[in-house]
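*Asks:* All chains should be built: construct the whole structure from the sequences, respecting the hints.
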Amino acid sequence: MSEVLLKVDKLKKYFPITGGVLGRKVGEVKAVDDVSFFVNKGETLGLVGESGCGKSTTGRVLMRLLEPTEGTVEFEGQDLTKLKAEDMRRMRKEIQMVFQDPFASLNPRHTVEKILEEPLIVHGVKDKEERKRRVREMLEVVGLNSYHAKRYPHQFSGGQRQRIGIARALMTKPKLIIADEPVSALDVSIQSQVLNLLEDLQKEFQLTYIFIAHDLGVVKHISDRVGVMYLGRLVEITEADKLYEKPLHPYTKALLASIPIPDPDVQQEKELLKGDLPSPANPPLGCAFHTRCSACMEVCKTTRPELVEIEPSHFAACHLYNK
Amino acid sequence: MTQAPVLDVKELKTSFFSSDGEVPAVDNISFSVNKGEILGIVGESGCGKSVTSLSIMKLIPQPPGKIVGGEILLNGEDIVPASEKRMREIRGNDIAMIFQEPMTSLNPLFTIGNQLVEGIILHKKVNKKEAFKIGVEMLKLVGLPRAEQIMKEYPHQLSGGMRQRVMIAMALSCDPKLLIADEPTTALDVTIQAQILSLMKNLNKKLDTAIIMITHDLGVVAEVCQRVIVMYAGKVVEEASVRDIFKNPKHPYTVGLLESIPDVREKKERLYSIPGNVPKPGAIKQGCRFAARCANVHDRCFVEDPPLYKAADGHHVRCFLHAAGGEN
Ligand SMILES: Nc1ncnc2c1ncn2[C@@H]1O[C@H](COP(=O)(O)OP(=O)(O)OP(=O)(O)O)[C@@H](O)[C@H]1O
Ligand SMILES: Nc1ncnc2c1ncn2[C@@H]1O[C@H](COP(=O)(O)OP(=O)(O)OP(=O)(O)O)[C@@H](O)[C@H]1O
Ligand code: SF4
Ligand SMILES: [Mg+2]
Ligand SMILES: [Mg+2]
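Taken in sequence, the protein lines are chains A and B.
Under the working numbering, residues 171 to 493 are what the first sequence spells out, in order.
Under the working numbering, residues 10 to 337 are what the second sequence spells out, in order.
Derived from the structure by calculation, the hints contain no laboratory data.
No false leads were mixed into what you were given.
Listed next, the in silico DSBU-like pairs over lysine-lysine satisfying Cα-Cα at most 30 angstroms (straight line):
(1) A:K440 to A:K416
(2) B:K210 to A:K444
(3) A:K320 to B:K289
(4) A:K423 to B:K277
(5) B:K210 to A:K440
(6) B:K44 to B:K256
(7) A:K416 to B:K277
(8) B:K276 to A:K211
(9) B:K44 to B:K319
(10) A:K440 to B:K214
(11) B:K277 to A:K373
(12) A:K412 to B:K276
(13) B:K210 to B:K142
(14) A:K416 to A:K471
(15) A:K416 to A:K211
(16) B:K186 to A:K440
Which bits of chain A does chain B cover? Going by a derived footprint, with three or more residues having C-beta under 8 angstroms, they are:
(17) 327-334
(18) 364-374
(19) 424-432
(20) 441-454
We put the beta carbon where it would ideally sit given N, CA and C, even for glycine.
*Replies:* Printed below as a string of structure tokens:
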């Protein structure tokens with residue numbers, strides 16, 4: 171039986187919108203709006219959805235880089251949202267993040283050695299020689315060389331910088347890695363190198379991944395299960411194969427139909443999704459997707475559908491499947 | 010049957026000059042675009058796609074850049090030596106361009122109507138009222154709802170997808186023979202990308218405008234293009250019909266690239282990956298520019314620069330493995 175590593179329950183993150191001369195709160199962006207899911211030990215959970223749907227915010231709230239507005243995040247049975255700052259800092263040894271932009275996330279004035287050593291210092295590895303040894307080891311693990319330790323980030327290509335970002339996340343031997351668009355900024359030929367590396371590392375160190383991306387092909391390739399977000403909500407979540415073969419939610423269907431297929435013989439007549447993404451500051455009532463949904467019914471305009479298990483381990487939030 | 014192409018680029022070379030010397034960002038590339046055709050240009054970042062399109066528009070910043078050789082024949086006229094005055098007539102009238110980030114090419118201080126009408130008056134020699142009418146029609150043509158209202162709105166009031174539609178409307182408002190689209194959907198979400206691509210295909214059919222579609226996304230190429238050129242480090246490494254590129258790729262780089270992309274339709278156990286990094290232009294001085302990363306490399310590749318060989322009719326490959334068909 172698979173063991174749950176992370177359990178997220180009714181998570182919300184609202185950002186205040188301030189306005190007027192007094193900077194008073196005039197509204198809020200519901201960036202993450204009542205999201206629940208779990209991640210099993212050793213698996214990769216993909217999170218997909220269009221820009222602004224709340225993927226990054228979800229990742230940041232899990233790590234408490236942002237404080238949740240409501241909800242709980244249980245890691246190995248412990249509620250992270252209740253931890254004191256000091257305990258949370260210790261907990262970050264177990265949960266690490268890899269970011270999209272390796273350019274922005276690495277300090278340009280520090281050598282690679284210093285960048286990789288830092289998490290060890292933070293987590294109390296006092297022996298300098300040991301730190302240096304572990305840095306050199308890790309560089310080899312991510313496919314760089316130990317002589318790279320003395321170089322600066324700008325001396326590396328985008329793909330190599332992403333390897334450094336991954337190395338940094340691995341320094342403290344975490345159990346969970348939240349990777350936020352780790353390959354989106356990379357060229358196609360470099361992207362597959364990094365995806366392969368992530369897969370190898372997962373096997374080697376029994377890592378659990380939350381893999382955030384908007385590229386549905388990449389997410390399918392790397393994930394065991396996939397969750398689809400729309401306007402701050404999780405609208406569908408299930409095993410990767412099931413999601414791609416038999417999507418239930420109309421939004422997932424539209425999203426999958428929109429992907430350009432690298433095969434000129436497949437000229438699907440697509441059913442194009444109409445209209446634009448509504449503003450998360452002013453999401454539609456009822457089902458957030460109803461304004462663009464071709465199957466929209468009266469109930470969709472007024473009542474928010476719950477995420478329910480429609481088939482074994484296949485959850486969707488859509489009134490079409492209610493009853 | 011054979012018609013003169015709308016655009017015929019011959020041995021174009023565009024370089025950038027710095028204290029380190031000359032960097033040939035686009036190095037002797039040749040291709041043509043036929044009337045009503047959609048030609049794709051694909052390649053990874055820095056391979057020279059944008060420099061190619063800016064060269065055709067004669068918008069290369071000079072200095073540091075310069076077209077140092079070759080011809081760009083637009084309906085038979087070589088525009089490389091053309092004056093800036095002549096180029097201003099050509100841009101908008103004959104060739105129009107849309108960019109990845111529409112916000113950089115729309116002026117935030119003017120309404121959509123202002124910007125649209127200005128171009129139409131300039132190029133179509135009509136009065137303001139007629140220009141406004143044409144503008145509204147164009148916005149409707151690109152599928153924007155409430156066109157009259159949008160004419161009065163500012164760029165920031167529109168979403169990314171709407172802005173890109175406005176850019177397409179502007180580009181097409183003067184019936185150009187050639188539209189250059191440089192990563193027109195890269196900044197957009199997939200569902201919006203699908204709308205824009207379908208729009209471009211429909212307009213291409215309806216108006217018979219030739220399109221150069223620049224992208225790094227092979228899915229986009231398969232979906233909209235008829236013919237493709239693949240660029241690598243400033244050179245064209247393969248040119249073929251879209252079908253041949255995907256079903257019968259010849260250059261080891263094209264083959265590797267196709268193998269590297271995860272496909273939503275099937276689960277590849279492990280992705281192929283081309284070793285090494287994408288080289289900077291000018292970094293490789295001798296031999297095939299792909300040699301250091303190539304799975305089929307042989308001794309000759311490190312010393313000699315392969316020419317474009319003919320693999321089949323309309324299929325050209327810059328690789329010694331395909332030398333049998335003779336030089337192009
Ligand atoms: N610090 C913040 N203050 C206010 N609003 C924010 C903040 N961070 C994010 N948001 C808003 O929350 C929503 C979700 O943003 P988020 O970055 O999580 O989206 P995303 O799914 O990661 O998008 P992308 O694919 O573009 O990275 C957006 O509407 C965004 O504007
Ligand atoms: N203004 C400039 N000054 C100096 N060099 C430049 C300039 N513009 C482009 N280059 C050089 O030309 C090369 C080709 O750039 P280009 O913008 O055409 O790449 P691209 O194929 O469009 O890449 P991308 O996919 O990232 O848009 C770059 O690697 C860069 O070195
Ligand atoms: S010429 Fe040689 S190195 Fe270049 S692509 Fe062909 S086989 Fe590979
Ligand atoms: Mg994000
Ligand atoms: Mg470019």
